[in-house]
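Colleague: Residue-level listing of the chains:
Number of protein chains: 2
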Amino acid sequence: MTQQRGRGRPRDPEVDRAILQAALELFIERGMEGMSIEQVAKLAGVGKVTVYRRWASKEELAAHAIEWMVESRRDWPSNAEVERSEPEHLLENTLDESAELAASHEFRALVARILGSSVSHPALMATYWKHYILPRREAATAMLDQARQAGRLPPDTDLDVLIDMMAGAVIYRVLQPDPPDRAEMRRYLRQLYRQIGLLPDN
Amino acid sequence: MTQQRGRGRPRDPEVDRAILQAALELFIERGMEGMSIEQVAKLAGVGKVTVYRRWASKEELAAHAIEWMVESRRDWPSNAEVERSEPEHLLENTLDESAELAASHEFRALVARILGSSVSHPALMATYWKHYILPRREAATAMLDQARQAGRLPPDTDLDVLIDMMAGAVIYRVLQPDPPDRAEMRRYLRQLYRQIGLLPDN
Numbered sequence: 001m002t003q004q005r006g007r008g009r010p011r012d013p014e015v016d017r018a019i020l021q022a023a024l025e026l027f028i029e030r031g032m033e034g035m036s037i038e039q040v041a042k043l044a045g046v047g048k049v050t051v052y053r054r055w056a057s058k059e060e061l062a063a064h065a066i067e068w069m070v071e072s073r074r075d076w077p078s079n080a081e082v083e084r085s086e087p088e089h090l091l092e093n094t095l096d097e098s099a100e101l102a103a104s105h106e107f108r109a110l111v112a113r114i115l116g117s118s119v120s121h122p123a124l125m126a127t128y129w130k131h132y133i134l135p136r137r138e139a140a141t142a143m144l145d146q147a148r149q150a151g152r153l154p155p156d157t158d159l160d161v162l163i164d165m166m167a168g169a170v171i172y173r174v175l176q177p178d179p180p181d182r183a184e185m186r187r188y189l190r191q192l193y194r195q196i197g198l199l200p201d202n
Numbered sequence: 001m002t003q004q005r006g007r008g009r010p011r012d013p014e015v016d017r018a019i020l021q022a023a024l025e026l027f028i029e030r031g032m033e034g035m036s037i038e039q040v041a042k043l044a045g046v047g048k049v050t051v052y053r054r055w056a057s058k059e060e061l062a063a064h065a066i067e068w069m070v071e072s073r074r075d076w077p078s079n080a081e082v083e084r085s086e087p088e089h090l091l092e093n094t095l096d097e098s099a100e101l102a103a104s105h106e107f108r109a110l111v112a113r114i115l116g117s118s119v120s121h122p123a124l125m126a127t128y129w130k131h132y133i134l135p136r137r138e139a140a141t142a143m144l145d146q147a148r149q150a151g152r153l154p155p156d157t158d159l160d161v162l163i164d165m166m167a168g169a170v171i172y173r174v175l176q177p178d179p180p181d182r183a184e185m186r187r188y189l190r191q192l193y194r195q196i197g198l199l200p201d202n
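Top to bottom, those sequences are chains A and B.
In this text, residue positions in the first sequence follow UniProt numbering: the first is 1, and each later residue adds one.
In this text, residue positions in the second sequence follow UniProt numbering: the first is 1, and each later residue adds one.
Since no wrong hints were added, every one of them can be taken at face value.
Only part of the chain A face toward chain B is listed, based on derived beta-carbon distances under 10 angstroms:
no.	residue
1	31
2	34
3	105
4	120
5	122
6	130
7	157
8	158
9	161
10	168
11	192
12	194
In silico lysine to aspartate or glutamate, EDC-like type, Cα no more than 16 angstroms apart, as pairs:
no.	chain 1	residue 1	chain 2	residue 2
13	A	130	B	178
14	B	130	B	60
15	A	42	A	16
16	B	130	B	67
17	B	130	B	59
18	B	130	A	178
If you want a taste of the chain A side facing chain B, the calculated C-beta under 8 angstroms gives, among others:
no.	residue
19	109
20	113
21	117
22	119
23	125
24	126
25	129
26	164
27	165
28	172
29	173
30	176
31	177
32	188
33	201
For the record, the hints were derived by calculation from the structure and aren't laboratory data.
Every value quoted in this text rests on a predicted model; they were computed, and no experiment measured them.
All C-beta atoms in this analysis are idealised placements derived from N, C-alpha and C, irrespective of residue type, glycine included.
Let the hints inform the model, and build the full structure from the sequences given.
Modeller: Rendered as structure tokens:
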């Protein structure tokens with residue numbers, strides 16, 4: 001977990017866990033519009049106040065619950081690791097975990113719900129973006145900038161557009177009919193990184 | 001409109017229009033899970049049977065309503081036009097319309113709803129994919145294959161991955177916080193096409 005949104009009280013990690021798990025389940029089942037702090041508290045077996053003491057809004061709770069799942073499923077490299085690694089090795093080393101996460105039903109369901117609420121209920125995307133996506137984009141930008149300086153990417157590459165192309169392709173692919181299994185996702189990611197120029201051919 | 005899903009009856013285009021408009025509004029407002037044929041009929045001022053006579057399911061109706069909006073907003077080149085045009089000219093000629101469509105609130109709302117329902121309610125994506133997205137992907141594949149043969153794309157480019165990168169980037173970009181306006185979308189698309197190698201630099 002990269003962020004704790006508590007209000008300066010001693011925290012019981014078991015309670016946190018129960019609330020995050022309940023929030024995750026309800027968000028996947030009902031989306032942002034269909035879930036409430038009250039339902040989360042009930043499912044977690046705690047009082048509403050116990051939830052509000054930890055998270056100020058259901059958007060913050062949902063964003064934290066999503067991140068809690070995503071973090072638990074793979075090791076994200078730190079910015080320091082990104083800076084001292086070759087982009088090629090970094091991508092090779094994380095390929096299996098990335099493929100497994102992207103091909104999981106839970107990831108697909110979360111992506112659908114996050115994107116699905118982005119226009120009707122923009123506060124979730126805004127919160128998740130600011131606290132969790134932006135730091136990850138900064139790490140990706142550092143990696144891609146290294147590749148650009150090493151001549152693997154054209155000098156005038158717009159890195160924001162490139163990150164959208166990479167993340168967007170994965171997001172779009174996993175929501176298409178006939179979603180990929182882990183092996184297909186592995187092949188897909190490798191091909192994607194190759195086409196961008198980050199992995200060598202064959 | 002590329003498809004008519006009627007059952008061999010004389011059709012009143014005004015009734016079709018009213019039903020499609022009502023379906024579009026309800027789909028954007030409530031998503032697939034929150035809309036019903038009954039509500040569409042009521043909003044359109046027709047009987048349920050009138051709707052069912054034209055569309056066998058709410059997924060077919062929603063898919064047709066989405067396409068009806070998308071088609072009305074820009075001229076999509078025919079496969080024959082794609083085959084006889086230079087990819088560069090085709091992209092230049094459609095840039096303004098593409099940017100206007102992608103930056104519109106209605107498009108963003110539709111994309112969010114379609115993706116948002118893709119895991120919880122996969123029948124809509126399956127229907128929309130088969131009837132409307134696949135034919136468009138075939139046209140895009142023909143265009144990209146031409147570019148590949150002309151040496152603008154590397155010979156081992158996986159065109160399905162490339163299409164996902166292009167469409168995925170746009171889909172992802174328009175659902176991020178601070179969505180682009182038309183001018184920014186125009187710049188974005190141009191940069192995207194350039195980075196792929198379909199438009200010349202500068």
